[in-house]
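With the hints as constraints, model all of the structure from the sequences given.
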Amino acid sequence: MTETIPHYPQPVTDADNRPFLDGWRRGQLYLQHCRGCGKAVFYPRSLCPHCWSTDLEWRQASGRGTVVSYSRIYRPNHPAFNDEVPIVLAEIRLAEGAALLARILRGDVESGMEVMLMASAEAAERFPLPVFQPA
Amino acid sequence: MDASSLGRRLPAESIGIVGYGQSVYSKKTDRTLLSLFAEAAKGALHSAGLDKSSIDGLAVCSFDLPPDNAVTLAEQFGLSVSWAYFGTAGGAGPVASVINAIRAIEHGHASAVLCLAGDAYDIGGHYRMMDNFNRALRNYGTPNGFGGANGLFAIVQRKHMETYGTRPEELGRISVGQRASARLNDNALLRGPLTIEDYLDARVIADPIRLYDCVLPCAGAEAVLVAPLDRAEPGRGVRVLAGYEQHNHPPDEIAPLRGGWELFRDALYRDAGYGPSDIDFVQAYDDYPIMVAIQLEDLGFCAKGEVGKFLAENTFSFDGSFPLNTNGGQLSCGQAGAGGGMIGLVEAIRQLRGEAGPWQVEGARRGLVSGYGMVGYGHGLSTSSVILEGAK
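As you go down the protein sequences, you meet chains C and V in turn. The numbering used here numbers the first residue of the first sequence as 11 and each following residue consecutively. The numbering used here numbers the first residue of the second sequence as 47 and each following residue consecutively.
No lab work stands behind these hints, which were simulated from the structure alone. None of these values were measured; they are calculated from a predicted model. A portion of the hints provided could be inaccurate.
[As the list claims (entries may be wrong)] Computed footprint of chain V on chain C, listed as stretches where at least three residues anywhere in the stretch have a Cβ under 8 Å from a Cβ of chain V: (1) 65-72; (2) 76-88; (3) 105-111; (4) 125-132.
Don't be surprised by glycine CBs; every beta carbon is placed ideally from N, CA and C.
Here's what the structure looks like:
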């Protein structure tokens, strides 16, 4: 049985974010790490926002993180998501130190809980950006 | 301005706000943005007792204005100006534009600056705008079904609730108090009665944010005229005692419980010469009650983390113990895009001139106006505040 993938709005690929978006198409989470100050960076940049080094290295992340806070969205901004409410959107602090906003699928969510990347081919094919699940 | 007066410096304290105007607000309109700006601008000139020829500076804040800008707006309005400013700070832009207009006049780059803010959109237009608001949100927010500003500020509100114990029934007192004022304001789009039970029982938009935490996107425009105070009729000028802005603070946090007001608060009160307890009313940027609450904390009206108790102990209508957004604010009047960053400024001038009619704050002499906005990857990036006082 095949399910039609909704026409989600897509990120615009550019020279700065291509490794991140290509990585997710393989079900992997990639982060920039600054060789100048050692910090992990999200979202993708052309320079480290901490120290302004342009020496940024892409590394595969562990995919593990902690929910800092979240919302349960019943009125998505874009209609492509209307059949999936509530959308759980969380601020997640990754093990590498950077934070991002991402959907959490499957199961209940609460602040402080551990989550992990949904590193499946199905998830990577369906969702435009990395999604997470309870660890 | 006359070429002969270019570069002639004036003391900043001699410059203030001499007129204000507001368009009709509507949920949906066929009118153009330029027509709304024209209505607000003519109102500001009329209220200043000045005519078009006096304007030689133009500032505008608007999301919808591009591909136009401050300079093409000058062409539309037939104005030759020696200073032009297009705000980039969302709902913090209009207050920032006044701060910058004063600097321009102080240094002789203009002598009377018309500051405009507004947008002509509706709910659908607002959603489309948010999906493409900036590169970071477009690439890393929109593809997540992020729920627009509602989804982001729900994350902030939950964090405040879980960090400090702030409760919805406390935050709701802001919406309820402002609605009581709006009931007297014919230009407020939401004028029905609102109780705390209505607030708590309303449908969930982005848990924990419910319907009456949200503003209604609408069409409207606001205007103020900044000029030397001696050009105002006696008793109708308003001094700007202090004003500061801050952008992208803190620089590396998706959903901070602060926004930058805490950085300039002490300078703001130092410049004004008095503190929070001397302020007669506050017009805080009210995209959400949680952001009003954070402004009240960070501008020193209560200690950080204690706003829940402050909200429980006060009432927020124009005649309440803490007059707040006294015409109903964005939460009841509607959010006319970037005009949401000027609605409080215009209302403050109205109050300080004693022209608020049915919702006049008794003895209003000093007010604080605060802006906030330009949602980036997670929160509003910009803050601005001024302290105003009626000129003798």
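Against the structure, the hints come out as follows:
no.: 1; hint: 65-72; result: violated (count 0)
no.: 2; hint: 76-88; result: holds (count 11)
no.: 3; hint: 105-111; result: holds (count 3)
no.: 4; hint: 125-132; result: violated (count 0)
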